[in-house]
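Chains A and B supply the protein sequences, listed in that same order. Sequence positions in the first sequence follow my numbering and run 1 to 308. Sequence positions in the second sequence follow my numbering and run 1 to 308.
Simulated from the structure, these hints should not be mistaken for laboratory data. Some hints here could point you the wrong way.
Every beta carbon over 10 angstroms from chain B, so not counted as near; a handful from chain A, in silico [claimed, not checked]: (1) Arg131; (2) Arg145; (3) Thr275.
Derived coverage of chain A by chain B (criterion: at least 3 residues anywhere in the stretch with Cβ under 8 angstroms from a Cβ of chain B; other residues may be distant) [as the list claims (entries may be wrong)]: (4) 40 to 48; (5) 61 to 70; (6) 228 to 241.
Virtual Cβ for every residue (Gly too), placed ideally from N, Cα, C.
Protein chains: 2
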Amino acid sequence: MRDLGEFGLIERIARLAGGVRSRDVALGIGDDAAVLRLAPAEELVVTTDAAVAGVHFRFDQETPRTAGRRAAVACLSDLAAMGARPLGLLLALALPPSRSATSTLGLVRGVVYEARRAGAPLVGGNVTRSRDVSLTLTALGAVRRGRALRRDRGRAGDRLFVTGALGRSALERARGRVRAVGVPRIAAGRRLAGLAGVGACIDLSDGLAADLLQLCRASRLAARLEVARLPLPAGFAAACARVALDPLPAALAGGEDYELLFSTRPRGPSAAALTRRLGVRVTEIGRLEAGRPAVRGVPPGALGWRHF
Amino acid sequence: MRDLGEFGLIERIARLAGGVRSRDVALGIGDDAAVLRLAPAEELVVTTDAAVAGVHFRFDQETPRTAGRRAAVACLSDLAAMGARPLGLLLALALPPSRSATSTLGLVRGVVYEARRAGAPLVGGNVTRSRDVSLTLTALGAVRRGRALRRDRGRAGDRLFVTGALGRSALERARGRVRAVGVPRIAAGRRLAGLAGVGACIDLSDGLAADLLQLCRASRLAARLEVARLPLPAGFAAACARVALDPLPAALAGGEDYELLFSTRPRGPSAAALTRRLGVRVTEIGRLEAGRPAVRGVPPGALGWRHF
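Go ahead and model the full structure; you've got the sequences and the hints to work with.
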């Protein structure tokens, strides 16, 4: 990075981000701040998330581009969990001066790829030096006033559903080389926010068990999982066996699946109807019930990963 | 931090941030994202900024609270430079597990103090481990549609003005112990955005010379400074002499003054009139003129600090 310099790097990032032609963006990269537009009936949804080398990604296990993509997906997935339409992304990049420009721009390319795919152009950011490489992303979205999906909207008796399949990311990591990247469920989240009878919603970043517990805490309820119903990827048991991975903990505590976990009122639509409405496979996996926040029906010792 | 844990820390931060009672905040800390409201005629202004221990602050030179305050001011000052009214702040905190809870919460207290003072409650964030302590802040604001102050709005012939006085932060640092913290010029920025005949605007974070050059680049103009007119704090020359600091480079390249630098059309208001309108002392310091981006009238070797 010494060759490129701070301003050189920012110029390269701005070029990678491309000329933003979004009706949501009044002013992109290059000023003291970005300026974005919302529709009059919309509220702003905003979230920030950091990915640190050696903690969230490792340069010896994945390409910089994949690391950048995963960082962006983690942040965009939070917009999906709120039912928001993405408006833009900001990237605060920290890196040692010794870091190569190629590796650094690989990270940025990964972020920009996922940002574009989600319809959230890179509109700003920051560059600083530090010992660890890290990407701190801020995702901005919009949702119709009062329609944001929330963790604290569950009720006793709600049915629990999850999109897609669980455990794919855990399997990737067990294989020792991360190539696949989760997909933030942006479209499904937006459709879900438009449905009646939806309760609480959260995205699966730390693993089903850990994230369901967060939903329980916010809604002040317990959850009962039917672990036999958890949707697993095709051929999952055999693939797990080859790397000596236990499939159930992988699905329960693997993390980074970025599926949506949500509840609906008891007389709401079936999993088949939700699958049609959301455009992604939806599986019923349990229910919310009265009680202290807890996830019931789960074998012990299968909780998600924690930072400290 | 091992004792408190990730969720314990987040709970403490949420408590320090306090019950947010802002009509702009529909949903604060605790969900996948925050939800904020803008008025129908407003646009969103958003900026992100990082402060890294060992780069932007040093624990042996200032308290954690002062470091947190300075990080928040740097970010909020970007809102001021856009003429925005602050809506909220997000804090992404990275720290080694060995870091004490007292020190960590000191950083957070500093951020919350400045956030409150600016009317921008802490509405979200993220906690992760890393080797370096760092705070990455995202500031959100609102400005009347089309009224955001910009760097690229200067014209040849514009008069250049600066708020307040320059060099105070450089003097603090030369004294080896940082106690004073700059003030983001939020109110002055908002008033400036409401005036007619204003050209370009930027806040002074890296130093007058460096930031004026940025304004020149964005506006594709040169600037001519009259360095004899630069506003210096009372007793500045004598204070500088005591620590063997050269006053002019301190004022030109000191950085972290967080004053606003802006231009107005040639027949615009005088410095005295601007002082009344903005509620802060305003000094005329030069003009914009045709030519390649450059700052003229400045002794060589007095440029701002760079990251790489």
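* To do: Check each numbered hint from earlier against the structure, then list the numbers of those it violates in ascending order.
  => 1, 2, 5, 6
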